[in-house]
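Trainee: One-letter residues, chain by chain:
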Amino acid sequence: MAPDAIGEDAIFFRVLLSDRATREDKLFETTQRIKHKILDIVNPREKYGLEAYFTYRSVSEQAELKEAAWE
Amino acid sequence: MKLHEGLLEQAQHLVRREPRRPRQVSLRRAISTAYYALFHLLVSEAILNWKRAQDRDDLARMFEHTNMRTACAHKRDELNAEFKRIQETAPPTHDLTVKRHLHLVAETFVEMHQWRENADYDYSTTWVRSDVAALVATVEAAFKAWKSIRKEDAAQAFLFTLFQKKRR
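Chains R and Z are the protein sequences, given in the same order.
My numbering applies: residue 1 is where the first sequence begins, and numbers increase by one.
My numbering applies: residue 1001 is where the second sequence begins, and numbers increase by one.
Rather than coming from a laboratory, the hints here were simulated on the basis of the structure.
All values derive from a computational prediction rather than experimental measurement.
Some hints could be false.
Unchecked claim - Some chain R residues close to chain Z (C-beta under 7 Å, calculated; not the full set):
1) Asp-4
2) Ala-5
3) Ile-6
4) Ser-18
5) Lys-26
6) Leu-27
7) Glu-29
8) His-36
9) Asp-40
10) Tyr-53
11) Thr-55
12) Trp-70
In this text, a Cβ means the ideal position worked out from N, Cα and C, and glycines have one as well.
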């Protein structure tokens, strides 16, 4: 959790995707589907008053970057 | 080519500019440019409603990013509440299709407003191509959604809310 661009508390989801899921022709549909599924389950705005933001990366991208926050 | 169309095209170019090892600067500029594409799309549409054409450029300067973001978040939440009331099995109506398109536009603006801030000012974020490509693709989809509803009453009413001051 962290403040967002307007200074309000927000929850930031990091979503690790298979390389196949990041195929460019499917990227929009895939990320929309994941985001709305998580929002339906967690419902952060209604339950906790938190704005939710999503970032994505592929397994290959993370393997190259090895960012601890994504492990 | 209109400003917003040029900006979207530039964002699409930047995200693909270095396909193997994308430079952070290209990815950051792609995000920022995609946000501004959507910002200028909505502002350019909103000012068309001002009858005196010679005043429209000045009117465009009066739109504020944070106010627009707040108005979009309100619209998104209002539509979410409405979608929840509707049975998932309910047959799609024209009205519902318009609202789903409008929801995408509003939701995308809220998200891009955040990511533009990060892309332009936050040194700690390392961007990856798939993430940025997804953001640019979402703005592309928002453009298409807007084009399909721009003359609808709900879309025109939404444009007016973008001009209003904060309502939190």
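Trainee: Hints first: check each against the structure and report whether it holds.
Mentor: Here is what the structure says about each hint:
1. A cut of 7 Å between beta carbons decides the hint on R/Asp-4: the least distance to chain Z is about 5 Å, and the hint holds.
2. Checking R/Ala-5 against chain Z by beta carbon gives a least distance of about 4 Å; that is within 7 Å, so the hint holds.
3. Checking R/Ile-6 against chain Z: minimum C-beta separation of about 6 Å stays under 7 Å; hint holds.
4. The criterion of a C-beta within 7 Å of any C-beta in chain Z is not met by R/Ser-18, whose closest approach is roughly 11 Å, and the hint is violated.
5. Proximity of R/Lys-26 to chain Z is violated relative to the hint, the smallest CB-CB distance being about 10 Å (cut-off 7 Å).
6. For R/Leu-27, the suggested interface contact is upheld, since its CB lies about 5 Å from the closest CB of chain Z, less than 7 Å.
7. The beta carbon of R/Glu-29 comes no nearer than 9 Å to any beta carbon in chain Z, farther than 7 Å, and the hint placing it at the interface is violated.
8. Annotation: interface hint on R/His-36 violated; nearest CB of chain Z at approximately 10 Å, more than 7 Å.
9. Of the supplied interface hints, the one on R/Asp-40 is violated, with its beta-carbon coming no nearer than about 10 Å to a beta-carbon of chain Z, more than 7 Å.
10. The interface hint given for R/Tyr-53 holds, since its Cβ lies 5 Å from the closest Cβ of chain Z, which is under the 7 Å cut-off.
11. The criterion of a C-beta within 7 Å of any C-beta in chain Z is met by R/Thr-55, whose closest approach is roughly 5 Å, and the hint holds.
12. Nearest Cβ of chain Z to the Cβ of R/Trp-70: about 10 Å, over the 7 Å cut. The hint is violated.
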